[in-house]
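J.: Protein chains in written order, with this note's numbering: chain A, 50 to 369; chain B, 50 to 369; chain C, 50 to 369; chain D, 50 to 369.
Treat the hints as calculated values from the structure; they're not laboratory data.
A hint or two may mislead.
Same chains, same names: a pair is fine if it fits in one copy or spans any two.
Said to hold, decoys possible - Dumping the calculated DMTMM-like pairs for lysine to aspartate or glutamate here, alpha-carbon to alpha-carbon at most 20 Å: (1) 176 to 326; (2) 270 to 123; (3) 176 to 226; (4) 303 to 237; (5) 322 to 185.
4 protein chains.
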Amino acid sequence: MIGVAGLGYWGPNLARNFDDLGVLCALCEVDADLRERYTPRYPNARMYAGFDDLLADDAVRGVVIATPVPTHYDLARRALSAGKHVLVEKPPAMRAGEIDELVALAADRDLVLMPGHLLLYHPGVRKLKQLIDVGELGEVLCVYGNRQNLGIVRTNENALWSLGVHDLSVILYLLDEEPELCVAHGRDFLTEGVEDVVFCYLRFPSGKIAHMHLSWLDPHKMRRLTVVGREKMVVFDDMELERKVTVYEKAPWKRTDTYGEWQTRSGDIFVPKIPTDEPLKLECQEFLRLVAGEGDRRKVAEDGARVVRALERLTDSLRG
Amino acid sequence: MIGVAGLGYWGPNLARNFDDLGVLCALCEVDADLRERYTPRYPNARMYAGFDDLLADDAVRGVVIATPVPTHYDLARRALSAGKHVLVEKPPAMRAGEIDELVALAADRDLVLMPGHLLLYHPGVRKLKQLIDVGELGEVLCVYGNRQNLGIVRTNENALWSLGVHDLSVILYLLDEEPELCVAHGRDFLTEGVEDVVFCYLRFPSGKIAHMHLSWLDPHKMRRLTVVGREKMVVFDDMELERKVTVYEKAPWKRTDTYGEWQTRSGDIFVPKIPTDEPLKLECQEFLRLVAGEGDRRKVAEDGARVVRALERLTDSLRG
Amino acid sequence: MIGVAGLGYWGPNLARNFDDLGVLCALCEVDADLRERYTPRYPNARMYAGFDDLLADDAVRGVVIATPVPTHYDLARRALSAGKHVLVEKPPAMRAGEIDELVALAADRDLVLMPGHLLLYHPGVRKLKQLIDVGELGEVLCVYGNRQNLGIVRTNENALWSLGVHDLSVILYLLDEEPELCVAHGRDFLTEGVEDVVFCYLRFPSGKIAHMHLSWLDPHKMRRLTVVGREKMVVFDDMELERKVTVYEKAPWKRTDTYGEWQTRSGDIFVPKIPTDEPLKLECQEFLRLVAGEGDRRKVAEDGARVVRALERLTDSLRG
Amino acid sequence: MIGVAGLGYWGPNLARNFDDLGVLCALCEVDADLRERYTPRYPNARMYAGFDDLLADDAVRGVVIATPVPTHYDLARRALSAGKHVLVEKPPAMRAGEIDELVALAADRDLVLMPGHLLLYHPGVRKLKQLIDVGELGEVLCVYGNRQNLGIVRTNENALWSLGVHDLSVILYLLDEEPELCVAHGRDFLTEGVEDVVFCYLRFPSGKIAHMHLSWLDPHKMRRLTVVGREKMVVFDDMELERKVTVYEKAPWKRTDTYGEWQTRSGDIFVPKIPTDEPLKLECQEFLRLVAGEGDRRKVAEDGARVVRALERLTDSLRG
């Protein structure tokens with residue numbers, strides 16, 4: 050029922066998960082060595098060399114695209130055109146125009162178009178979303194992400210596209226709003242044209258703001274999102290083993306006895322137990338749910354487009 | 050020899066330090082209660098109610114201005130005009146035009162004009178400067194400051210002027226360069242027109258960049274400066290008791306055997322012992338040195354002006 | 050109403066607190082310089098050179114003893130004999146026989162005999178006690194203290210008496226039981242006969258156990274108490290600014306489906322807001338309450354004796 | 050050349066490492082399912098069901114014993130009697146008499162008898178040993194280990210044998226001395242006769258002391274060894290990712306101007322880069338070196354015996 054295209058870096062993880070879920074029926078990879086390696090591992094899946102062959106396989110209802118980034122848009126378009134539901138690795142496209150086209154195509158044919166924003170399926174991020182949605186934090190004022198490290202230096206993708214796509218997808222998911230202002234600054238210290246350090250600022254129509262500090266030239270190893278609400282603040286820290294999410298009863302308040310001056314108060318700190326479910330498995334299950342007609346497939350596609358649009362605007366600002 | 054004007058919040062600390070150094074000869078304070086409180090504590094200092102009386106005291110060679118911020122420029126101007134050396138609390142002026150006028154006045158009369166940027170006299174910051182200047186870090190690429198907290202909410206000064214002035218003075222001191230680009234973004238969540246959360250980006254002619262994340266609505270208590278060099282990285286963390294400065298042997302490097310691809314390497318981490326000298330005492334001693342003709346008084350005044358100019362440009366960007 | 054004897058190291062803090070509470074009427078100090086220094090600061094308190102003069106002051110109902118440790122027992126005995134309520138710095142005596150005599154004397158005359166175990170009045174320790182008493186932790190199994198540092202090396206008191214008295218008073222307060230086994234081991238590395246590193250093990254009739262790791266030759270700065278309950282665990286960490294007490298939903302449990310094998314589970318972590326009240330002020334207030342007839346003065350005296358008895362047994366074990 | 054007996058929990062890791070090193074020629078496992086699972090994975094190794102068959106394989110020069118603990122002694126004895134070199138998982142025996150017999154047997158036949166104390170091959174522990182041996186720490190005074198966690202609760206082995214064997218092997222390796230005093234205290238809270246919390250104290254003829262805090266009922270996750278020297282202190286913390294070893298310039302010192310009173314001083318802190326080599330691979334390589342005649346095989350066997358002797362004495366103390 051599910052076919053996975055691309056068995057290079059991330060594809061094998063997707064193949065394994067869909068196989069564990071009992072729905073993997075086809076694989077597709079242009080590299081002969083990789084085909085040879087994975088063929089014996091998945092005896093129940095047909096192995097194709099060409100993407101069109103995969104699309105021609107009638108048993109395949111959903112196509113998972115884990116090929117190199119520049120091919121995402123074209124393969125997703127072809128898969129949708131062939132009437133397949135699509136889960137496409139992030140970013141699903143490199144230009145807003147492309148993703149808008151994909152969204153329209155999926156809407157026309159009532160197909161699933163789901164981008165693989167893994168972090169959205171992290172139980173810690175789900176906890177943030179829930180805390181916001183039930184009003185636990187009060188009005189959300191500011192969300193900011195820190196994704197810093199002395200890590201893998203890429204030469205084909207800058208820190209915004211490589212690191213920022215994670216935080217951006219979460220920020221837009223949490224706030225569920227299209228930013229009205231997208232500003233980015235940064236520098237390409239190592240490879241010309243590929244920014245290693247990027248700072249992004251977003252402003253939303255509701256008045257909320259967001260920020261991202263992205264760098265692979267940094268002494269701190271940080272993967273952290275902070276949400277500042279008017280009543281509580283919450284931090285998702287993916288470097289923590291046991292304290293992924295911390296809720297702070299910290300807030301400004303107006304003392305009535307001091308003529309409206311702002312004070313601050315700090316109360317309890319709470320670290321809720323976060324389930325240890327594997328985000329990738331949850332992501333794959335979500336795709337299957339959407340294919341099965343559950344959930345809001347239009348919103349999922351549109352949310353993915355919002356991320357690409359914001360990335361494009363941030364890129365324009367960065368380069369401008 | 051030294052007269053201190055303003056005995057409200059910070060002035061008493063300056064008075065005490067100059068008294069300990071044996072050079073306090075006069076005090077000036079408009080509030081009668083404060084005059085009454087401090088008169089017995091400093092029997093060797095004359096107490097004045099009016100600033101002009103202080104200036105008329107011929108024994109006073111240097112005037113220390115610790116009055117409310119909006120008065121700084123005017124009092125500094127009058128003190129310089131009266132031929133007094135001046136140590137003025139930060140910020141010495143609120144507009145670039147004002148500080149430029151003060152600098153010119155001091156230069157004309159060959160007087161000291163020293164802004165009270167306390168953090169510059171922190172032994173940890175001195176250590177950063179030394180590491181940079183001897184080339185230990187290699188070429189400096191990026192400096193960024195995090196000054197965040199759920200702290201005192203001000204209604205007369207925004208986070209940029211209240212918190213950012215500290216980091217900005219240090220960043221400009223470390224890089225010793227005038228920024229060519231100053232961009233700021235932020236929001237006034239609590240008091241209209243007073244930004245609680247501010248992000249600043251600076252770019253320098255040499256290609257270096259700097260960033261400041263400033264907020265008094267934050268769950269994290271951070272007072273941290275990070276310097277990313279091409280060979281080492283160093284962090285000054287003022288919340289640490291024992292590890293104020295940490296030097297990381299972390300750097301990108303080009304493997305010759307992989308066709309020039311960038312890799313990264315991590316080596317030793319070093320936490321040098323930082324002297325526990327009181328920064329305020331060191332600041333007061335520096336003023337006395339400058340008054341005594343040692344050091345470069347023109348550079349000190351000009352450095353102070355550079356901070357005000359950058360603050361003004363950041364403010365324009367923030368409001369724009 | 051309250052007279053404080055001893056104005057050396059700790060006495061001035063006690064004097065200040067009782068003065069703030071409006072009940073300080075007398076001071077006593079053998080050293081003339083100290084008498085001269087403190088006389089002007091406390092104009093409402095009579096200053097005595099001799100302890101007998103203090104005891105002869107009829108206005109003094111309660112005597113606070115903050116003199117050197119070897120004098121505690123004798124002065125407390127004389128004060129009780131003179132009909133005064135007594136707050137005596139820790140340890141109130143160096144031998145079990147002495148403290149038992151003091152307790153009997155206080156009981157006979159129905160006087161307060163309160164040892165100055167400051168840590169018992171820390172709001173964080175009170176929180177531990179409350180969590181235990183309401184059953185939040187389930188059955189308490191083990192309590193252990195870590196008091197380690199590269200700190201003040203004493204030559205007249207070993208780590209057990211200097212550091213351990215704090216943790217021991219808290220452990221006995223929390224468990225409210227007399228230990229049936231007291232074992233100590235350690236070494237005197239710097240000064241002969243004065244142990245720098247001491248490990249203590251206590252076993253209680255209920256089966257609970259306790260341990261103390263005490264050292265002033267240690268790279269870690271620790272002031273921490275851990276309580277392991279059968280349902281929750283809680284840590285009091287006095288080096289933390291904002292997280293003094295942390296409650297862990299961590300416990301062993303028996304899975305019914307695995308034939309009674311023990312498993313463990315980890316749940317939420319909770320950091321309750323702890324009041325920032327000054328422990329010394331709370332201690333002084335408690336003394337006044339006891340003097341005023343509130344609370345259980347017999348239990349307070351007996352609790353103090355229990356600490357001295359355990360210290361004596363641990364000392365015997367250490368030396369044996 | 051190497052045969053691995055026991056493919057349950059840990060044996061497969063040993064098999065894989067020796068296979069990677071190109072020397073695995075035989076496997077032995079009584080369980081048919083496990084034999085079936087591992088036979089195809091190691092096509093170059095003969096698979097035996099019986100230990101005697103393994104011993105009868107002339108190609109096998111060294112036998113690796115990874116069977117359940119109670120079988121270690123007997124299988125090691127049989128392997129040595131058959132003229133095979135032996136690497137046996139820890140503990141190699143449960144009684145001092147047994148290990149002494151094995152050591153004698155190995156010495157008689159000049160065979161390797163190496164216990165699998167994995168932690169000894171951790172590059173961080175090697176760093177501690179090196180720092181001690183070159184005198185960097187000055188005279189070593191005290192070593193202590195903390196191995197605490199809410200972790201796996203065992204019912205067949207207490208915390209001393211399950212957790213303590215790691216720290217004990219390292220402590221004896223670092224100090225290279227036979228303890229003259231071995232005391233242990235603890236309690237069996239969950240399973241009768243199986244202590245969950247154990248405290249051990251050791252004293253050595255040189256005057257050094259050591260301590261172990263062992264528990265699987267603890268809120269803190271600690272795997273830490275601290276070495277206190279007279280000139281420096283060093284900590285090995287296996288829970289740290291990047292700071293496995295930290296060297297503190299912290300020491301007591303005698304000021305000459307204060308009549309020989311002890312003071313303390315704190316200087317730099319240093320975190321040397323520790324190689325990320327896999328300890329198990331290093332352990333396997335060490336076994337091959339010893340088999341090849343390099344290194345001191347007598348000392349390795351004797352060191353292993355020292356650990357078992359200390360465990361036996363601590364067990365006697367714990368139960369006594």
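J.: A separate judgement is required for each hint: does it hold in the structure or not?
T.: Outcome of the hint check:
1. 176 to 326: Classified as within: same-chain Cα gap 13 Å, cross-chain 34 Å, threshold 20 Å.
2. 270 to 123: The answer is neither: 35 Å in one copy and 47 Å across copies each exceed 20 Å.
3. 176 to 226: within (19 Å within a copy, 43 Å between copies)
4. 303 to 237: between (45 Å within a copy, 15 Å between copies)
5. 322 to 185: both (17 Å within a copy, 18 Å between copies)
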